[in-house]
Amino acid sequence: MYTNGALIAKETAKKLAEAGNITPAISVEGFEKETDERRGKGIFKKILEAMNNLNEAGVPFGISVTPTRKNYALLTSEKFIKYFQAKGSLYTWMFQLMPIGRASFDLVVTAEQRKEMFYRTRDLIKKGYFVADFWNCGSVSDGCISAGRSGGYLYIEWNGNVTPCAFNPYAAANINEIYKRGGTLNDVLKINLSFKKSENGKIIMLLNKVIGFYRAR
Amino acid sequence: MKEFIDECKPEPIDESAKQALKDPEYKEKMIRYDEDLTKVMDPIWEKEYKKSKMI
Numbered sequence: 003m004y005t006n007g008a009l010i011a012k013e014t015a016k017k018l019a020e021a022g023n024i025t026p027a028i029s030v031e032g033f034e035k036e037t038d039e040r041r042g043k044g045i046f047k048k049i050l051e052a053m054n055n056l057n058e059a060g061v062p063f064g065i066s067v068t069p070t071r072k073n074y075a076l077l078t079s080e081k082f083i084k085y086f087q088a089k090g091s092l093y094t095w096m097f098q099l100m101p102i103g104r105a106s107f108d109l110v111v112t113a114e115q116r117k118e119m120f121y122r123t124r125d126l127i128k129k130g131y132f133v134a135d136f137w138n139c140g141s142v143s144d145g146c147i148s149a150g151r152s153g154g155y156l157y158i159e160w161n162g163n164v165t166p167c168a169f170n171p172y173a174a175a176n177i178n179e180i181y182k183r184g185g186t187l188n189d190v191l192k193i194n195l196s197f198k199k200s201e202n203g204k205i206i207m208l209l210n211k212v213i214g215f216y217r218a219r
Numbered sequence: 030m031k032e033f034i035d036e037c038k039p040e041p042i043d044e045s046a047k048q049a050l051k052d053p054e055y056k057e058k059m060i061r062y063d064e065d066l067t068k069v070m071d072p073i074w075e076k077e078y079k080k081s082k083m084i
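Order-wise, the sequence lines are chains Z and B. Just remember that my numbering sits 2 ahead of the position in the first sequence, which is counted from 1. Just remember that my numbering sits 29 ahead of the position in the second sequence, which is counted from 1.
Not one of these hints is a red herring.
Simulated crosslink set (DSBU-like; lysine-lysine; CA at most 35 Å straight-line):
(1) B:79 / Z:128
(2) Z:81 / B:68
(3) Z:72 / B:68
(4) Z:72 / B:51
(5) Z:117 / B:79
(6) Z:117 / B:56
(7) Z:72 / B:31
(8) B:79 / Z:192
(9) Z:81 / B:58
(10) Z:89 / Z:128
(11) B:56 / B:38
(12) Z:43 / Z:16
(13) B:79 / Z:84
(14) B:76 / Z:128
(15) Z:17 / Z:48
(16) B:56 / Z:72
(17) B:68 / Z:84
(18) B:56 / Z:35
(19) Z:81 / B:79
(20) B:31 / Z:117
(21) Z:35 / Z:47
(22) B:58 / B:38
(23) B:76 / Z:72
(24) B:47 / Z:43
(25) B:47 / Z:182
(26) Z:128 / Z:72
(27) Z:129 / B:76
(28) Z:81 / B:80
(29) Z:128 / B:80
Simulated from the structure, these hints should not be mistaken for laboratory data. These numbers were taken from a predicted model, which means no experiment stands behind them.
If we strip away everything but chain B, and leave its shape as in the complex, we get:
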């Protein structure tokens, strides 16, 4: 997400959105949160969505 925002440069709609792009701590926390979610939620996605679509 960060990479293509850097590439395409859409306009941040407010100051917080602008700061979020420059804040390494925020980026780090988002990545860590995403990793935690992946471990816990991906099995649910596999079970509840992908497998149900195959039926």
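Okay, chain Z solo, but in the shape it has when bound:
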């Protein structure tokens, strides 16, 4: 569950523990300065409070970060990862900033920075930190894990819209409509049967998968 963590009070943490099937990935942008700069003053302290509450309740959690041209070095530093590990974070998900619509490209990491991130993240992983960069770690997951591929995932929005990925904002189906017709999530997964792994790996594999996903609507 991706969250800014601001509403995870003690009672909420207790409910999450009782549910037993949720792990919050709490969004941070760096330390206090960077996080409050983007998310509002005082948010960082709320996040730390939420982490305390989750620790007390025994809920496993991690952090979710958005590397940009400005903060990528900090977010891929051992100092940063260690800090949140000490707060109880079990994992770090990295989603490099990707603008949609008319958002600016000014903060998107450059190609050279992405290359640098690849090696920095790999060093962290070699040291035993549980870090995944959803753009750069394709070499350890046989490419893109989207569109419900084997061992992968797909994305269901709050309103039931199903997209291949949280970063591919075009819906091929709506799970609520499928349920109304007597179907299940398996029917959504069947959309993807046209998938064939390509020798070229990465992009071709993703495109085949997503094309199959959309064409089967």
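Fit chain B to the known structure of chain Z by using the hints.
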């Protein structure tokens, strides 16, 4: 990506996603970014993934 979205017409989930399909400037920037990435990252993919799979 743009071509098969045009062909299959999946529903944009919000206004930004809708606008992204109509914005030539956005398309241009994405293509340029992809070209930059291809130059820098493809050799890494070749080395770290494809060659390791052949071992």
